[in-house]
Amino acid sequence: MTFTRGTSRGMRAAGCALAVILLATAACAEVADLSAFGRLPVQAGGRVMPVDSHARHLLLQFSGRSSHQREPAVNWLARVVFAPEAAATQKVFLVNHPEVLEALDVKPDGRRYSFAQLRDTSEKLRALAEAAQQHEEDDRSPVEKEFLRLYANLAAYAQLTFSFQFALPHPDFAVSNAAVRARLQMPDDAAPPSFLDVYQRAQGFSAEVQALAGTKPETWNDEQAELFRLSSALFQWSQFYRGLPIALLPMQAHGQEQWVSPWDLLGFGFLDDASRREIGWLQDLARAYGSSRQVDFNLAAHNLERSVVARAQPSRGLTHLKTELLYNRLQPFYRAKLFYGLAFLVCLVGMMGRGGARDSVTGAPWLVGSDRSPITVHRSPSFLRRAAVVGVLLALVPHTAGIVWRMMIMGRPPMTNLYATFLFVAWIAVLLGLAIEWFQRNSLGTLLASAGGLALLMVSARFADQGDTMGVVVAVLDSNFWLSTHVVTITMGYAGCMAAGLAGHVYLLQAIRRPEDDPGLRATAGAVYGLTAFGLIFSFLGTMLGGVWADQSWGRFWGWDPKENGALLIVLWCSILFHARVARMIGPRGFAVGAVLGVIVVLMAWIGINLLGVGLHSYGFTSGLARGLALSIVFEVLFVLVTYPLAKKSGDIPGPKSQVPG
Amino acid sequence: MSNGNDNGARAMGWLASPKLTVVCLAVLMVLTFWGTVYQVEHGLFAAQDRFYNSWLILVGGFVPFPGTQFVLAVLLVNLSLYLVQLVFKPRVKFGILLIHLGILMLLLGGAITHYFAEESQLTLQEGESASASASYHQWELALWKQDGAVRDVLAIDADPLQPGDRRTFGATGLQVEVEQYHRNARAFQSTVPLTNAPLSRLGVTSLQAARPAREPAGNIAGALLTVHPPEGAPVRVILFGDDVAPVEFAAGGEHYHLALRHRRYPLPFVVSLVDFEREMHPGTEVARSFSSKVEVSTDGLDRTLTISMNKPLRERGYTLYQASYREEADGTQWSTFAVARNYGRLIPYVSTGVVVFGMIWHFVAMLVRRAGRGVA
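Residue numbers (my numbering), protein chains in the order written: chain A, 1 to 662; chain B, 1001 to 1376.
Incorrect hints may have been included.
Stated by the list, open to error - Cβ-to-Cβ under 10 Å is the rule here; a few derived chain B residues that face chain A:
{"id": "1", "residue": "V1022"}
{"id": "2", "residue": "L1028"}
{"id": "3", "residue": "T1036"}
{"id": "4", "residue": "L1044"}
{"id": "5", "residue": "L1106"}
{"id": "6", "residue": "A1117"}
{"id": "7", "residue": "P1160"}
{"id": "8", "residue": "N1310"}
{"id": "9", "residue": "R1316"}
{"id": "10", "residue": "T1319"}
{"id": "11", "residue": "N1342"}
{"id": "12", "residue": "T1352"}
{"id": "13", "residue": "F1363"}
{"id": "14", "residue": "M1366"}
It is worth saying that the hints were derived from the structure and are not from the lab. The C-beta atom is built at its ideal place from N, Cα and C for all residues, glycine as well.
So here's chain A without its partners, still in its complex pose:
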């Protein structure tokens, strides 16, 4: 946890934020269009990304949302760094536990609080966080974890407020002595100079100040005293503001590139002409922001961007800056959700209207029925069915683009964390639904695709604060052929079983509502069967490829490790269903119930296993996840308990007679 590293500095910084905010005198004017600022490259979370992404990640980390009051995150970040006093009243700190507010003596006022509301509690919070820190991570209570999380966030926020202080006017550097002002060629305007203004002129008087060090202050004249005061202010500031965010500037040291904050670049003194110019543009940015000069702001940002991109060593993040900006701006998964939702509504309307329209289907290949005659199924009105398919296809475009963009930006297969697996599972489930629609043409596939895509993407949004950041992964999870294929296949297995479960729901509801519609039931049963088969093939392959990866990486194929066991459970469950069907222990109704219960097995393997482990560091995340999981399990069990007896046995059709036991 970064907290331990940053604790003392964080504590100090949090304490000092108050002082800065009281002292800062900059006007609250701001620039309206921050897109040029959002385009700047920055190194964060182990890779280079646009400031726009970094701002989203920070805001997600603090508030659990990627925008603030309908304003892009980058606007919020600009306010925090360029005009901290204006940002202090914005409610961006998510507090997950009411006991935290009670302990801090803060009046409950919704779920999010502003820096201004919390800053007075920083000493108390610090003491509570330090006490929580004494406990082992496993032994911390949810409230203690929340103290730590909130404190780390406050400290990180306070550090952000200092990141551009070098460029903002400050009374520490006000020069009252006219001779000094003339000598340093300071303009005579009202605003005091900034740290940088004095720093850039320090060469001119450093030797003189050094000579003063051995003499008594009483012997100094006014000019010397002023120079000495400025010099020590410079020294104190450069000592104090070290290791701060935001790593905007690349620095070459010992043949290696390191991205550092402007503060650190000034502190290290590795200033070549280019980086000197870049720091100047950063100051221009801050000043233009404070005086609402949009054109100057954009100009400084453009110059800075061009210079940094030209100077930095090529990296994946740098190459895909534009892609990432596009990804951020278009919000592909949000758009996909909209279209899935629309398609789902159209499907529902179509199903309501399915009165007597019956059609004979000749090309339904995976129907389980043993008779050879063409079967008749209910069809939704043709234009509604088509409209729903079009809706799903429209959703699939941004959905696919989003996944591809993420892969391009990360340079990895699409599953790097729980969030990303949800996106991918949703994608596969949609494709499977479309495949079923292609074969059956009775809206069942569109229903599965739209409902599955919508539900999974909605659930994924809950994990965005964990996964949308596209962070780096540890060595053993780094790009590897076997790992990639394992993760992709096992996730496809999840998708197959989830889609089968969804179709199982449809079957049971259908068996209650239209028990007489035998062909319709058979069509759905066929879909359940085919999807479960898909799930079995891919979860088996995925499980085995996981073994291959483990064997390649550390020399054992199978070790009964929780993640392996989770995958095995899915394989076992699907195998049980197929064998039970062959043994005539269950019919289509039982198979559908099995597919629905399979959703629980998948959720356990996919999410439940993560909850068994330790190291999930956010209270909101863990408890929310556990609650969601428990609720889904209860829902599925209740669904089966209610629908199974209601779904008349008359809706059942016998299993295949020609099946060889196996």
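Following the hints, position chain B against chain A.
Coordinates of chain B only, in the frame set by chain A:
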């Protein structure tokens, strides 16, 4: 007689039936889930021991429940009989046959690995060499005479030792009598000088049993022994596994070294760690990769190569994987390799291919058949 045949046939039919498969798979699911939850509290090793490597589990100490080994054995019988039955069928579905043959291979491969594979580890400091790997958690008493580059070591498996046991070190005739043996021990030093203190390199004067660690690799064994040489006075010795150096003593005119250490597995080659390197993700403390440059010397032939995550060294049936590393503040680095020797290593690869091919064949054939019917 015919009745007996009938019964036999019925029993055979039941043993080969998919119903038995369903029961076995369901029990296996219960075991898998139970063992996974059990790991949270008791650790992986205990779960493997209780659920996965066992034939029988006693729930609450007296209610018997089949262990994974038992269930897998029944599944093996079920599967084999089913496959035998298939031979007598007039029409056999090719996909189904492949799937079940593949699973049979997988189960047999698992058994080979379970009973014959050897797993150990090797930790080297930069510049160090070794020709033996060490067990993760099994201990041995090792005895040798000369200390040098080449030693003839006699070893006794230490884990089964009980107080009162006597063991002889082969031809030396040296006999050890066990007074105490603890798989996980705590060592104590007396604050007052003892007149008859047992011999110990670190001045340990007594041992106490400690609670076994969650993972057995965390245990440190300790033993209090009396060594009886063929001639001369016996010597009392305390050995503590935390100390890698042996206790030295003279008996019957010979100079001996005795150590309690993780069981060693000789390797048919010598490995030297030349350099260990790790690379971090920029600006973070997350390791991007780590790798060890090693020199391997087999029958006098030296070669230098790199072992890294996902890139093991394979040599003479042994495989060395980059497992972990340790770094001291002064920059000294250790690299740890997992060492595996497994004759059944490739079986799961082949069987996975067979099963998946069989599944695809079966389900695609089914799809095509149904499509054909639909059109007809």
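For the hint on T1352 of chain B, does the least C-beta distance to chain A fall short of 10 Å? holds, 4 Å
Interface hint status, A1117 of chain B versus chain A (Cβ within 10 Å): holds, 8 Å
Classify the hint on V1022 of chain B as holds or violated, based on whether any CB of chain A lies nearer than 10 Å to its CB. Holds: closest Cβ of chain A sits about 5 Å from V1022 of chain B, inside 10 Å.
Holds or violated: is the Cβ of M1366 of chain B closer than 10 Å to a Cβ in chain A? Cβ of M1366 of chain B sits 7 Å from chain A, so the hint holds.
Have a go at the L1044 of chain B hint: is there a Cβ in chain A nearer than 10 Å to its own Cβ? holds, 7 Å
Hint validity - T1319 of chain B Cβ closer than 10 Å to any chain A Cβ: holds, 5 Å
A closest beta-carbon separation below 10 Å is what the hint needs, so does T1036 of chain B meet it against chain A? holds, 4 Å
Is the interface hint for L1028 of chain B satisfied, with its Cβ closer than 10 Å to some Cβ of chain A? holds, 6 Å
Is the interface hint for F1363 of chain B satisfied, with its Cβ closer than 10 Å to some Cβ of chain A? holds, 5 Å
Given R1316 of chain B as an interface hint, is the shortest Cβ-Cβ distance to chain A below 10 Å? Violated. Min distance 15 Å.
Does N1342 of chain B pass the interface check with chain A, least Cβ-Cβ distance below 10 Å? holds, 8 Å
Measuring from the C-beta of N1310 of chain B to each C-beta in chain A, is the shortest one below 10 Å? holds, 5 Å
When held up to the earlier numbered hints, the structure conflicts with 7, 9 and fits the remainder.
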